[in-house]
Amino acid sequence: MNVAEIIVPQQEVAWLPWAVQYFFFVGLAATAAIIAGAGEFLRGGRWQRLQPAALLVAVSTGVVAPIALLADLHQPGRFYHFYTDITPWSWMSLGALILPVFMTGLIGYWVLWQRERFKEQGAPRWLALWTAGHWSGRRLRPWLAALMIIGAIGILVYTGSEVMIVKARALWHTEWLILNLAMTAFMGSLAAMLYAQARIFRATAGDQRFTLRLFMLALLGTGAGALGWAAGGWITDSVSFQAFARLIGQFAYWRIVFALSVGVGISLLVAALWMLRTPRGVALSWWMAPLALLAAWSFRWAVLMDVQTVPKYGAGLYPYHLPLGSDGLLGILGIFGLWLAVMMVLPGIIAGREAANESMKMSEVAHG
Amino acid sequence: MDPSRRQFLGKAAISAGAAVVPLADVEAGLNDQPSRRGGDPGKRYGMAIDLRRCIGCQACTVSCSIENQPPVGQFRTIVHQYEVKDNDSEDTAAVMLPRLCNQCDNPPCVPVCPVQATWQRKDGIVVVDSDQCVGCGYCVQACPYDARFINHDTQVADKCNFCVHRLEAGLLPACVESCVGGARIIGDLNDPDSHINQVLRENYDDIKVLKPELNTRPHVFYIGMTDAFIERIQGESGLWFDAEHGGVMGAVS
Amino acid sequence: MDNKRRNLLKGSAALGGLGVFGAGYVDPVKKAAQGLLSGSAGEPTTDRITGNALPPEFRIDAETGELIPAEGQVVSLTQCLGCWTQCGIRARVDTVNNRVLRIAGNPYHPLSHEKPQVYDAPVREAYTGLGGDPGIEGRSAACARGAAMLELLDNPQRITRPMKRVGPRGSGQWQTISFEQLIEEVTEGGDLFGEGRVDGLRAIHDTETLMDPENPEYGPVANRLLVTDAGPDGRRAIVKRFTFNAFGTRNFGHHGSYCGLGYRVGSGALFDDMKGFTHAKLDWDRARFVIFMGTAPAHAGNPYKQQGRQLASARTDRRFEYVVVAPSLPNSSSLATRGNNNWVPIRPAGDSAMAMAMIRWIIDNERYDRDYLIQPGPAAQEAAGEPSWSNATHLVVSSENHALTGRILRGRDLGWTDSAGDSVVVDAVSGEWMAHTMPRPAELFVTREVVLADGSTVTVKSAMQRLADEARRLTLSEYSAECDVPEATIEALARKFTSYGKQAVINTHGGVMNGSAFYTSYAIVMLNAMVGNLNAPGGTFVKGKPYTNTGAGERYDMANFPGKIGPKGIFLSRSRTTYEASSEFRRKVESGRNPYPAKAPWYPVSPPLFTEHLCSALEGYPYQAKIWINHMGNPIYGQAGLREAIDQRLKDPGRIGLIIGIEPFINETNAYADYLVPDLVTYEGWGFSKAWAGVKQRMTSARWPVVEPRVEKTADGEPISMEAFLIAVSKRLGLPGFGDNAIPDADGNLHPLNTAADWYLRGAANVAWDGGPVPEAAEDDMRLTGVDRIAPVLQAHLKPEEWRRAAYVFCRGGRFGEAPAKDAGPVTHWQRPATIWNEKVGSNRHSLTGDYFTGCPTWHPPRFADGSRVERHYPVDQWPLRLTSYKSHLQSPHSIAASRLRQIHPYNPVGINTRDAEAAGIQTGDRVRLVTPGGSVEGVALLRDGVKRGAVAIEHGYGHRELGARTHTVDGTPLPGDEAIGAGVNLNDLGLVDPTHSSGNAWVDWVTGASVRQALPARIEKVG
Ligand SMILES: Nc1nc2c(c(=O)[nH]1)N[C@H]1C(S)=C(S)[C@@H](COP(=O)(O)OP(=O)(O)OC[C@H]3O[C@@H](n4cnc5c(=O)[nH]c(N)nc54)[C@H](O)[C@@H]3O)O[C@H]1N2
Ligand SMILES: Nc1nc2c(c(=O)[nH]1)N[C@H]1C(S)=C(S)[C@@H](COP(=O)(O)OP(=O)(O)OC[C@H]3O[C@@H](n4cnc5c(=O)[nH]c(N)nc54)[C@H](O)[C@@H]3O)O[C@H]1N2
Ligand code: SF4
Ligand code: SF4
Ligand code: SF4
Ligand code: SF4
Ligand code: SF4
Ligand SMILES: [Mo]
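Chains as they are written, first to last, in the UniProt record's numbering: chain A, 1 to 368; chain B, 1 to 253; chain C, 1 to 1024.
Since the hints were derived computationally from the structure, they do not count as laboratory data. Keep in mind the model is a prediction, meaning the values are calculated, not measured. For every residue, glycine included, the Cβ atom is placed at its ideal position computed from N, Cα and C. Any given hint could be a false lead.
Derived DSS-like pairs: lysine-lysine, alpha-carbon spacing no greater than 25 angstroms straight-line [stated by the list, open to error]: (1) B:K43 to A:K312; (2) C:K545 to C:K115; (3) C:K822 to C:K115; (4) C:K496 to B:K85; (5) C:K564 to C:K240; (6) C:K840 to C:K599.
Covered stretches of chain C, as calculated for chain B (at least 3 residues, CB under 8 angstroms) [what the hints assert, rightly or not]: (7) 45–53; (8) 127–136.
Could you put the whole structure together from the sequences, leaning on the hints where they help?
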């Protein structure tokens, strides 16, 4: 039987690009925070030396994320309803509780961590207050680190689950989504750290190689997640995989999305492998940062925005035209703009006297 | 027996009078249904739509639009129209499919709400509190039937609520009272003698609901629906009547 | 680079970033702020749970079942004008803000309910029955359009003050003027537009002087006034009173000729009614098999809403099967009842062939209802217990060029003295001549030579014989090739159609509006005669008689008045008169020339034709019109090809000097007007409309002002309207029948006609008394319906014993007779014969070819005025496609401004058969250009299996250029047009100009002059 739609309405997206921005930044923040936190507990130097970069990424994205989140509410002024009417059975409500916990952990930990560095290296005059008082807060740090890590894991779990439990959108309805969002987030934040180490901090080649390895792991994790989802889905023929297969089958757009993801993923992997082999490669590895970040962002765009254009009942795809204004392009750029602004100030604080001086040659970086 | 029938049997038990017990009076676990609030606990409203009687006139669509005043272009109900061709016989026929909120018995749109701005009443009607809603759009995502939308004017979630204001005044919903073909029937499923129960009994073997396998337990029951329309339409997508398609065109000479 | 510069760089980057952020984030911040301050980032709702829903009109107490009306709301029963069905509706009126809130159906109204509320039930009872479970059965609906039309009341595009053009005609530049100036200028004329002197109405108001002594039949000078309206919207009586009986012009026209005239005349031919063109509808309660061939119940059709409901019930509740024959699949079809309905795709205009094929098969296989057809007259019908009779056995003079050619043989022709007027038939038993009035059957198939009283010998054939001869002109396979419907399908349909006795019906209408509309229609309706279903339960019936309102009633004789005059002369459209009777013909014959062809076609069997009036008036054949008053009529939008045909001539003030448009909006036709007169929309004014067809019982709908009119008032406080205009003009010209002493009552006392109320309220009194007076309205009825608001007006105009009875009628939205029992059959029985041969048709000649018209159905493909086939002018290889028009199930030609209706289907795509489109590389959503010899439009393609191969289907009601689509300037300031109103395409912009019509008119049916909108030759191309 051949069915053709003659009169059918179109459904517009209910989650706007703000959501993509939130998922992107909060993912970077959480994963970077976990790595920064690791430095608190795992001994052995490398983790500690990765902390400045990790905290830079975590804090800068961490402060941006909630701002994007607020804007995704059509009634932002009513955000307080999240706290006046706590709803234990709603994942989103849960998220509303987790987010402040994470932020406290993150900011709290960073403040103490930074205070200690300032005490060692001396703080810039305008931040003198940071070191005021004679207490050290050493004992508090592990607790805050723990809070930060737990909060971060909470973030990764809730953001993933919040989307995963939506049965109505078959594509979302898979546990793998939680893993894939987390892994791509790691990929992005580690790439950002690679960049920070190379361009902002005087990171040694060894430290960068270490980060690059972690980055590799994230990539492999991402790949594994994708394969796992596909294989699992294929065997158990999960709704999510079926839905994807149908889209690939029917729509060129989705074929392109698919091809790009695979392509970018593999090329990043190959590039990383190759770079790991030589010091020169390691020195160049920060070049992957933009692509990796873009990949992480695009994944979220595909998951959150593109999937919303898939009719739940009808045939075809709903048209979505990115608005130029606040709910579209300008909003997206705005959030990036904010991050940029933060990134202009924050490194100066965190890096302190370690700030890279560009007179240093790449090779020097490479050879420490 | 196809799944939609099976699920109807499940629901038949309810319509046969067994009081509607809120799924979870105890504290609901993550994404479980919270307990039902308000409404007459003795009643369970549902709608039957007899597709044999639907002529696709859209009187329901316009009447709902005028009664509930959503922004022009946003619909609580609309009648989908299709053309289907039998590939062997080449016979072609029209299909009319009125769509609205199913007032599901297990409504996925409810537990997701982070601020309890949408809930199911004891009479089965799923309502939205426009003063409480933060417009997060989560329920819109969660509804498998695209029955919800963010109202452009009010900036909060909007959906069919069975014209609860009219039901409570002893009147019929706008779409029902203006149904030209006499296809839409609303009533109390807990009352064995209600008009709707009579119709459902008479057509027992021909009753289907949309997407039964999701276990949302819809309470809009279709009579005379072809199986091809139970799940998502496999077919040719129509025109989205948006400005993109340059609706504004006409004589050039 | 040094720190300074680096910091500077960083600083500016930071600022830049913040800048973009600020820009992108203002909206959320604004929303947040608004939310925090006012509680919502959007518009707050009136109720947190029910949102912005309207306050219910009543409450029905769950315990007591008592109905408690809401404060500030009444529910008024009046008439819809969303389309020409004109149902009875119930309007929820906000009495505080003078607004119509929502519209549904009138529970008493036969067009709005299958089992209407009994007429004398109190309103409270009727309204209580609308709620709760009983309401499911009791519900009475308005259709989507009917519900949405309330938007037109406060439509920004409405005109509320008289306007006069300041630019050239049609330029859309206006200046508002006072009502008094309007009347002054249109009656007295003068140099009104700085373009030289223009004659006013006074100048041509002369009912004595012949306008052209050379051609006396043209009648008096007064005939230079043309008055037209749209449909019978319940106010036509006063327009005709002015036109014919007060001003005295012969020329009146309405939309009939571009509505379904081809069908109406074809039907009139079968019903022996070439004046009223009676037509019948199927008996939905009992019919068992119905073919809808060129009409689409539930999609359009008149009555639209009622037939939709009847179709739904018939196919769901009982044994009922139906087939829709059409080039495009209409909403009549339903997969949900697949077993009992089917769609037979046909080539546009293929119907003449298909119907003739079915007739041939039925005759060849003797499947016709013999017992019915052999009854020659009423007595025989009586004796045989048939529901009606036919002239199948009557004898047709069939020799060419005899004075009686095409006529039915009468007694007098054989020299009979008694029953000289009777038709002659052949007694079935004795084989002797017999008068058709005998109570005996007659021979069905007869061919004889007869010597007439005047000594001449002629061949006579029975009407049935003539039909058989015509049907056998082509073989079934030849017919099948013409309509592209398989022979097997035609046979199967014919067999099935003749398998249900009189409970099989075929119905048609707009689908026949092709280039041979008359013969297509006549052939289709003839099939009903083959099964003898007229007046039969389950067959076809004619509607019940309306209640006399603004006519010759029991209380007031509103059809006659002192000084009444009757119009003289022939119509502009050269209809209802023969070319052979014209001076032109006489002159040609006298000068020994072949009188044929006439200068342009004449239409001897047609009523006055709006479709020809304009072209004739502009071209001056037969004569020119000087002034045109158009009330609502919109042929420029509605008649295929008319714009193309007359646009330039209409814009030239040298031809028709003065055009006055009366209407609430500016439609495509009145856009050419020199003066625009505001008019009332249906919720604001008075009127009495009837069912077009399809209602067995008697009924008359009453329209009354349920809200205060939006238009400005005249100096003496009357809302400006068509009525106010005609009354003022008549009084200024001192015409009879208007002003004081204009309306005689039963006792001969005269009453005034100075206001609309003077007219319609007396009409209401007539309705209240026709067939016995109705009771007096109860206070409660009047309170619930808001009629109490107009009670003072009723009291002021009517006699004490009248006003409450008139109120009773308004309280119920009209007067409706008792519905007959479902199996009772019709209330009104059609008495005249089904004319298998119609001599009024068969004895006339076509004015261009000089050929006789065939008096019975016969195959005719679409042709132009001179008889040439379309393909001869527009070869198939260049014009491979055929356009087919179907009404929008949502829109009417005048509903487009209603946004809540438009939102569902904002424009009409161009429907193309899926395979045709794929062959042409066209996909759904592509922009395509449709080209015909008459014009071209651009639209959006929609691929459909529901379109016949080779056809292109266009939904009617879109592609407006006016009604708000276009920007006009009023008093120098623009009245902005709304693009959305102009969305989509209008098939009529593709209509053809007949290349063989010397006046260059748009293509019309060569027999009836009906607009041709089906089977237009076309081609399609992808744009860009
Ligand atoms: N929704 C709606 N209803 C209406 C109206 C309206 O504007 N909108 N207007 C009212 C009025 S004024 C009238 S007169 C009636 C008219 O009611 P109808 O005559 O029933 O409607 P139309 O659309 O004019 O034509 C009927 C059908 O003819 C088919 N058709 C077209 N060409 C051909 C052909 O060559 N052969 C055959 N067999 N079929 C063909 C079309 O598919 C169409 O469905 O509707 C009334 N009801
Ligand atoms: N291609 C194509 N052409 C068609 C048709 C088709 O199916 N296809 N249908 C044909 C048919 S069946 C018909 S009947 C004609 C109709 O053609 P018309 O009757 O001439 O035009 P309408 O647009 O129906 O109505 C005339 C005017 O009524 C005005 N009007 C609307 N509401 C009100 C009101 O409440 N009060 C007053 N006073 N005026 C009001 C509008 O401004 C409109 O311009 O069109 C015909 N044209
Ligand atoms: S149809 Fe959608 S909105 Fe309605 S109850 Fe079910 S899930 Fe909720
Ligand atoms: S949009 Fe409103 S109702 Fe829906 S989930 Fe969010 S807050 Fe709840
Ligand atoms: S019940 Fe009311 S709200 Fe729901 S669709 Fe019908 S009219 Fe609209
Ligand atoms: S009003 Fe009734 S018949 Fe008309 S479209 Fe809606 S459901 Fe179908
Ligand atoms: S059918 Fe026509 S008259 Fe009747 S309600 Fe609909 S629009 Fe009004
Ligand atoms: Mo019409």
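Hints, one by one, checked against the model:
1. B:K43 to A:K312: violated, 30 angstroms
2. C:K545 to C:K115: Given pair K545 (chain C), K115 (chain C) holds - Cα atoms ~19 angstroms apart, limit 25 angstroms.
3. C:K822 to C:K115: At roughly 10 angstroms apart (the allowed maximum being 25 angstroms), K115 (chain C) and K822 (chain C) satisfy the hint.
4. C:K496 to B:K85: Holds. K496 (chain C) to K85 (chain B) sits at ~24 angstroms (cutoff 25 angstroms).
5. C:K564 to C:K240: Cα-Cα ~12 angstroms, so holds.
6. C:K840 to C:K599: Holds. K840 (chain C) to K599 (chain C) sits at ~23 angstroms (cutoff 25 angstroms).
7. 45–53: holds (count 8)
8. 127–136: holds (count 6)
Against the hints set out earlier in the document, a violation occurs for number 1 only.
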